[in-house]
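Number of protein chains: 2
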Amino acid sequence: MIEHKISSAPFSRILRNNGAERVSDSAAKAMRDTIEETAENLSKEIIAVARHAGRKTIKKEDIELVTRPR
Amino acid sequence: MIEHKISSAPFSRILRNNGAERVSDSAAKAMRDTIEETAENLSKEIIAVARHAGRKTIKKEDIELVTRPR
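Line by line, the protein sequences give chains A and B.
Per the working numbering, the first sequence starts with residue 1, numbered consecutively.
Per the working numbering, the second sequence starts with residue 1, numbered consecutively.
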C-alpha cells in the first residue's frame, strides 16, 4: 500500500508501553504496515456481513459478528 | 483498554475505501478496539523475540520474524 491510513506513532507507543526500551522508526512502520493489512482484510469481511444483512451502512454488530469467538 | 492509542477515523476511512457507503461511529470504534487489541498482542510477541536476540530496542527484523508466513 502506497498511501497509509494509519500513523506509525501509535505502534511505537504500544511497543514502549509493553516493555520496549527503544523502537526503531522502520520497526514502527513495519508494525503499522502489518496492522494496516489486517485492518484491510478485516474490513472486507465486515462489509460482506453488512451486505448479507441487506445494509450498506456498517454497524457495530457487523464488527461483533466478524470478530466473535469461534 | 481505557486510553486509546489509535484514532477510530482511519478505520472508518478503510471501510469506506473498501466499499462501505456509511460507517456508524460505534462501528468505527469497535473496529479500532479490535485492531488495537491485535496490536497489543502482536507487540508482546515482538518484544519477546527482540529479548530473545538480546536487544531492548525493537528493530524491523523483529516484526518480520513474528509476522513471517508459517
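Keep in mind the hints are simulated off the structure, nothing from the lab.
Being a predicted model, the structure only gives us computed values, none of them experimental.
Just to be clear, a hint being listed does not mean it is correct.
[What the hints assert, rightly or not] From chain B, some residues computed to sit far from chain A (all C-beta separations above 10 Å):
1) K5
2) A27
3) A53
4) T67
5) P69
[Said to hold, decoys possible] Using 20 Å as the maximum straight-line C-alpha spacing, the simulated PhoX-like pairs for lysine-lysine come out as follows:
6) B:K56 with B:K44
7) A:K56 with B:K29
8) B:K5 with A:K29
9) B:K59 with B:K44
10) A:K5 with B:K5
11) B:K60 with A:K29
12) A:K44 with A:K56
13) B:K5 with B:K44
14) B:K56 with A:K29
15) B:K44 with B:K60
16) A:K44 with A:K60
17) B:K29 with B:K59
18) A:K5 with A:K29
19) B:K29 with A:K5
20) A:K59 with A:K29
21) B:K59 with A:K29
22) A:K60 with B:K29
23) B:K44 with A:K29
24) A:K59 with B:K29
25) A:K44 with B:K60
26) A:K44 with A:K59
[Unchecked claim] Facing chain A, a subset of chain B residues (Cβ under 7 Å, in silico):
27) I6
28) P10
29) G19
30) T34
31) T38
32) V49
No residue lacks a Cβ here, since even glycine has one placed at the ideal position from N, Cα and C.
Looking back at the hints listed earlier, which ones does the structure fail to meet?
Those not satisfied are hints 1, 2, 4, 17, 20, 25, 32.
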